[in-house]
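Protein chains in written order, with my numbering: chain F, 1 to 62; chain H, 1 to 147.
Hints should not be assumed to be uniformly reliable.
[Stated by the list, open to error] Computed cross-link-like contacts, SDA-like style, restricted to lysine to any residue with a CA-CA straight-line distance of at most 25 Å:
| id | chain 1 | residue 1 | chain 2 | residue 2 |
| --- | --- | --- | --- | --- |
| 1 | H | Lys-146 | H | Arg-31 |
| 2 | H | Lys-113 | H | Ala-41 |
| 3 | H | Lys-113 | H | Phe-36 |
| 4 | F | Lys-33 | H | Phe-36 |
| 5 | H | Lys-146 | F | Arg-28 |
| 6 | H | Lys-146 | F | Val-18 |
| 7 | H | Lys-111 | H | Gln-91 |
| 8 | F | Lys-33 | H | Leu-105 |
| 9 | H | Lys-113 | F | Lys-33 |
| 10 | H | Lys-111 | F | Leu-2 |
| 11 | H | Lys-113 | F | Leu-58 |
| 12 | H | Lys-111 | F | Arg-3 |
Calculated directly from the structure, the hints in this document are not laboratory data.
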Amino acid sequence: MLRSHFLNMLVFAALVSVFFGFLTQNERRERLKVMTILFLSMVVLSLLIAYAMFPFPLTSAR
Amino acid sequence: MNSRGFSALVSCAAAWVVPGAGHFYLGKRRRAGVFFLVVLATFFLGLLNEGRAYVADGQQPLSYLATLTNVATGPVELLSRQATYHRLVYQLPSDENSPEAAAILSAMRSKVKSVTDEYGTTYLLAAGLMNMLLILDAFDIAIGRKS
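Model the full structure from these sequences, guided by the hints.
Now the structure itself:
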């Protein structure tokens, strides 16, 4: 069981990137490019969204 | 039915039964191997993270789509249903006070208590969505729309 949120995100992003790389491209070079772009997009955007949410409290104000 | 139509039918059916088998049938063996590993890895990570398979609930229309997505993973999906509900169930009984509905809801709630339940459920849904795309891709290759 993967209890780390970050590790889960990395593994999920890696699996989805490999899947779409092989689904959409036939050339090895293009495939690697798509995989890299997808993986970095998912990870970097997730971290940016996480930081954007950081100032907000976990529970609603009363 | 012409040979392309037959090939499309067989590849789509094979792709549903075993992820990647449609591509294997169409001669795309390397891609088939990768798809097989990726979809099954996603599915089993879902099981290890204590994800839950959805059941169709008349009061929640979106649950039908989620259940269909789970089913799209293929027969291996039965494992997640058995792990979640300890039985093969696809629909929540309309009478929520019945003992069967109570057992299903209780099994579902026990999964929700798990820390990693949401990750696991997402992995299970992602595996189903990937296999749906594989079925459509195998169809496109079989009819000559894609190489």
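Results for each hint:
1. Simply put, Lys-146/H and Arg-31/H have alpha-carbon atoms about 14 Å apart, close enough for the 25 Å limit, and the pair holds.
2. Distance restraint check for Lys-113/H and Ala-41/H: the Cα-Cα separation of roughly 24 Å lies within the 25 Å cut-off, and the hinted pair is therefore satisfied.
3. Using a Cα cut-off of 25 Å, the hinted pair Lys-113/H and Phe-36/H is violated, with the two alpha carbons roughly 31 Å apart.
4. Between Lys-33/F and Phe-36/H, the direct Cα distance comes to roughly 22 Å. Compliance with the 25 Å bound is thereby established for this hinted pair.
5. A C-alpha spacing of about 17 Å is found between Lys-146/H and Arg-28/F, which places the hinted pair at or below 25 Å, so the restraint holds.
6. Annotation: proposed proximity of Lys-146/H to Val-18/F holds, straight-line Cα distance about 19 Å (limit 25 Å).
7. Annotation: proposed proximity of Lys-111/H to Gln-91/H holds, straight-line Cα distance about 17 Å (limit 25 Å).
8. With a C-alpha separation of about 45 Å, the suggested pair Lys-33/F and Leu-105/H falls outside the 25 Å cut-off, and the hint is violated.
9. In summary, the hint linking Lys-113/H to Lys-33/F is not supported, as the alpha carbons are separated by about 40 Å, beyond the 25 Å threshold.
10. Distance check on the hinted pair: Lys-111/H and Leu-2/F sit about 15 Å apart at the alpha-carbon level, within 25 Å; holds.
11. For the hint pairing Lys-113/H with Leu-58/F, the CA-to-CA distance comes to about 19 Å; that is within 25 Å, so the pair holds.
12. A hinted pair counts as satisfied when its Cα atoms are at most 25 Å apart, and Lys-111/H with Arg-3/F qualifies at roughly 15 Å.
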